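Asks: Sequence:
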Amino acid sequence: PLIVESLKTWRTLDQRLGEATGFKQCGILYMAESEAEMAGHEAFIEQAKGYQLDSHLLSSRGVDELVPGSAKVWAGGMFTPSDGRAEPQMAAPALARAAQRKGATIHNQCAVRGIETRGGRVCGVVTEKGPILCNSVVLAGGAWSRLFCGNHDVFLPQLKVVNSVMRTGPLDLGHELTFAGGGFAARKRLDGGYTVSHLNLSVADIVPDSFRLLAHYWPTLLHEWRNLQLRLGQRFLTEATTPSHWQLEEVSPFESTRVLDPKPVASILDRAETELKATFPRFREAPIIEKWAGLIDVTPDAVPVIDEVEKLPGLFLATGFSGHGFGIGPGAGRLMADLVSGARPIVDPTPFRYTRFIDGTRLAVMTGF
Numbered sequence: 022p023l024i025v026e027s028l029k030t031w032r033t034l035d036q037r038l039g040e041a042t043g044f045k046q047c048g049i050l051y052m053a054e055s056e057a058e059m060a061g062h063e064a065f066i067e068q069a070k071g072y073q074l075d076s077h078l079l080s081s082r083g084v085d086e087l088v089p090g091s092a093k094v095w096a097g098g099m100f101t102p103s104d105g106r107a108e109p110q111m112a113a114p115a116l117a118r119a120a121q122r123k124g125a126t127i128h129n130q131c132a133v134r135g136i137e138t139r140g141g142r143v144c145g146v147v148t149e150k151g152p153i154l155c156n157s158v159v160l161a162g163g164a165w166s167r168l169f170c171g172n173h174d175v176f177l178p179q180l181k182v183v184n185s186v187m188r189t190g191p192l193d194l195g196h197e198l199t200f201a202g203g204g205f206a207a208r209k210r211l212d213g214g215y216t217v218s219h220l221n222l223s224v225a226d227i228v229p230d231s232f233r234l235l236a237h238y239w240p241t242l243l244h245e246w247r248n249l250q251l252r253l254g255q256r257f258l259t260e261a262t263t264p265s266h267w268q269l270e271e272v273s274p275f276e277s278t279r280v281l282d283p284k285p286v287a288s289i290l291d292r293a294e295t296e297l298k299a300t301f302p303r304f305r306e307a308p309i310i311e312k313w314a315g316l317i318d319v320t321p322d323a324v325p326v327i328d329e330v331e332k333l334p335g336l337f338l339a340t341g342f343s344g345h346g347f348g349i350g351p352g353a354g355r356l357m358a359d360l361v362s363g364a365r366p367i368v369d370p371t372p373f374r375y376t377r378f379i380d381g382t383r384l385a386v387m388t389g390f
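Residue numbering for the sequence shown follows our numbering, starting at 22 and increasing by one per position.
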């Protein structure tokens, strides 16, 4: 439901904002190499029945007609025509400017050190530039969220995975589809090039929280071990030496390191590039222009938390999007606004409840990172 509502918003967002977000409804195709993968797509379609999705299965010939030029014979695929894409570097500033026109104030390079309370509920936040009085706070801190919550003794099971990405120079394949299969995923960009990543592989750094949260993540690890590369390195020392508690008059970890900017994992990108060019030889014409990586905040069930923390009224969490934050951001933002304001939620908030990690009712692992 949150995906459906987000797509509805994306389709009208340029008109509502009065400027471009780069959104284009282009469709997305997941190509299957085997009958086992096709069975997985069939299971998804069965699960998605009743949610207004237009996902459907394609034969091998159907895949070739949508994305011609493949050197590989595919078993088939799953195509969702209504899906789309947008450009983060356009959409985020456009949304910010629209919020400012509605009266919001935005403070860059201004870390929130923590929350102040009165009578057991939120009464304000303390930033590095001074306090702000408020009755409600939304923590949308991504990979920083567990550390922030921990300083207020709020338990949040959250780990990070490193996902590496690259972009190519301009290339005209004769279609605009986003497509993925084998060891790669590719989407067209407005500059004519493609954003490319490995379809499945991510790196999970072993850190102190890996051991503290092992009981929560063990089922996910068993389910996803083929798609994870475990790594022990500098990240362990960095997190081991990062303060877990600090006073609000002290410099916070969010000021010491303002941006989490990991290095891309060359071996994973090399595998994706090799597979992509072997499968679609036309990509040999497009040079790799840039490579980067990000730390994705992952919950044990790969579903975000969008909820109020009962033990600290006024603190709302919107975190743990597990790599899907940009796509479902419009729906998640609307749901969060409904919860804060007391309006009727746009979708059932139950799957995103914070307490699922406390009372043992978290969702079964259904998908990867």
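Misleading hints may appear alongside valid ones.
What the hints assert, rightly or not - Within a straight-line C-alpha distance of at most 25 Å, the following computed SDA-like cross-link-like pairs (lysine to any residue) qualify: (1) Lys150 to Trp267; (2) Lys332 to Pro274; (3) Lys150 to Gln121; (4) Lys29 to Ile310; (5) Lys45 to Ala57; (6) Lys29 to Phe65; (7) Lys150 to Gly363; (8) Lys45 to Trp267; (9) Lys298 to Ala92; (10) Lys123 to Ala92; (11) Lys29 to Arg82; (12) Lys312 to Pro372; (13) Lys93 to Thr138; (14) Lys45 to Leu243; (15) Lys93 to Met111; (16) Lys312 to His196; (17) Lys332 to Leu220; (18) Lys298 to Arg208; (19) Lys123 to Pro372; (20) Lys29 to Glu40; (21) Lys93 to Asp230; (22) Lys332 to Lys45; (23) Lys45 to Gln255; (24) Lys298 to Ile310; (25) Lys284 to Glu329; (26) Lys45 to Leu220.
What the hints contain is simulated information worked out from the structure, not anything from laboratory work.
Quick caveat, the model's predicted, so the values are computed rather than measured.
Asks: Provide an ascending list of the numbers of those earlier hints which the structure does not satisfy.
Replies: 4, 5, 7, 8, 10, 11, 12, 13, 14, 15, 17, 19, 21, 22, 23, 25
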